[in-house]
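So the chains spell out like this:
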Amino acid sequence: MTFEEIYRQEWGQVVATLIRVTGDWELAEECAQEAFAAALERWPRVGVPDKPGAWLTTTARNRAIDWLRREAVGAAKLKEVAAMGSESEPAYDVPDDRLRLMFTCCHPALAMEARVALTLRTLAGLSTADIARAFLVPETTMSKRLTRAKQKIQNAGIPYRVPPAHLLPERTPAVLAVLYLLFNEGYSDVVRSSLSSEAIRLARLLVQLMPDEPEPAGLLALMLLHDARRDTRLSADGVLVTLEDQDRTRWDHTQITEGERVLESALGRGVPGPYQIQAAIAACHATARTACDTDWPQIAALYGQLKQTPVVALNRAVAIGMADGPAVGLRLVDELAAGPLAGYHLLPATRADFLRRLGRSAEAAESYQQALALAATDAERGYLQRRLAEVSV
Amino acid sequence: MKYLLMICGDETAEAHANDGCGGWSEEMESRGVVEGGAGLRPPAEATTVRVRDEQLLLTDGPFAETKEQIGGFVLINCADLDEAIEIAAKHPAAGYGTIEIRPVLGPPEVV
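If you read the protein sequences in the order shown, they are chains G and C.
With the working numbering, you'll find the first sequence wraps up at 394, consecutive numbering, no jumps.
With the working numbering, you'll find the second sequence wraps up at 102, consecutive numbering, no jumps.
Source of the hints: derived by calculation from the structure; they are not laboratory data.
We treat Cβ as the ideally placed atom computed from N, Cα and C, and that holds for glycine.
It cannot be assumed that every hint is accurate.
Claimed, not checked - With the Cβ distance kept under 7 Å, some of the chain C side facing chain G (calculated, not the full set): (1) M(-8); (2) L(-5); (3) D71; (4) E91; (5) P94.
As the list claims (entries may be wrong) - No more than 27 Å apart at the CA atoms, straight line, and that leaves these computed lysine-lysine pairs for DSS-like: (6) C/K81 <-> G/K145; (7) C/K81 <-> C/K58; (8) G/K145 <-> C/K58; (9) C/K81 <-> C/K(-7); (10) C/K81 <-> G/K153.
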């Protein structure tokens, strides 16, 4: 393993353990950083220890003890930290530490942007500069956001723990929401694709730590299935390529198989949830050999099981239209036009597609034009321009 | 940890001023988490005080003219924010108004 790989694998565990024993987030992070710096200096000379994680945790703990001595904090705290593992096996890899850290970083009393930043910094080990770059804010802004979040955790008494069973139904979705947001941040933007990989890595960890919960597995499957199509979503000149026109041979089929397997075992628990259902929809697309083979009735039924937000209703209308014909789809889309989706570019874009399929070119052109005026990215505008040109001949 | 629960509501919340707390107070007293608290008379009866350049300045009404005003407060002492959230969520005012949970500043640390 390279140093970089060890860093990415062990950082979260070292920080999570140090937070538990010192109760101090800043100190935990600083000591972890010093331990990795010491390793970088030492390992090339004497070799990587058998258990690098244990070595790093012990080193970080010793730094914490030194610091606490210097600051002459209470003897009780010092004893507590020193007692951790002492000379033999340090208290490394307590299975719950990283899960504790994950739930605390994603506590609903923190602002969403703070939860995302904290998760990336303390659990995933990204530098503040990298996180700032990913979210397009100055590093000082990100640094303040992280400091404020850590202060709130400490001063407002947000507990460092995996919530008790009765709180899990509301707190697990909060963790999943952070990971999914992270994934989408990276998925919607080619430049920030590393955020998606990070989200997948953290979801894998969550599944490993909560093996009995099907929704984390549902989320992991959803991410894997979407991510498998990543490289085919844009043409060489940066224009959006819709599912129908994507080159299916270029999808990552190993990842699709893994996504299916993860989803199947989650569904096998018989407790479906929104992430599992969305993953099942993604699986319908990912496993269709050609666009024509897509099981649209099944997709429409799955959308029907989700909470009917306006966007879900639109997606359901598309699926029903693909299953029962464009005239049916058009009617459903028009029913949604008066609602909160007015101003959402996919509404006229969907309407235009159904009109195009019905051969009503002039009306389709009008709807493509409306969608063009509302679309937010060049990739989408490029696609709509192409369609508009097709129906305008 | 000590927290102040600030119970806020708009003018419609006044209708609930004499509702009582439907068993909430009894439960929290028996759990031993309540350290004090009271309901308040409406903000129209408030007087705001400032001293500037040794001058006493008085204003009729609350310090901020916002839609939501504090209608009561409870000082609690409990394990952590999760317990404070649970206590606040059980308060009947959470169902029609808003409850702000503020951690209380501890005494200055003795070095």
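Checked hints:
{"no.": "1", "hint": "M(-8)", "verdict": "4 Å, holds"}
{"no.": "2", "hint": "L(-5)", "verdict": "12 Å, violated"}
{"no.": "3", "hint": "D71", "verdict": "4 Å, holds"}
{"no.": "4", "hint": "E91", "verdict": "12 Å, violated"}
{"no.": "5", "hint": "P94", "verdict": "5 Å, holds"}
{"no.": "6", "hint": "C/K81 <-> G/K145", "verdict": "34 Å, violated"}
{"no.": "7", "hint": "C/K81 <-> C/K58", "verdict": "23 Å, holds"}
{"no.": "8", "hint": "G/K145 <-> C/K58", "verdict": "31 Å, violated"}
{"no.": "9", "hint": "C/K81 <-> C/K(-7)", "verdict": "18 Å, holds"}
{"no.": "10", "hint": "C/K81 <-> G/K153", "verdict": "23 Å, holds"}
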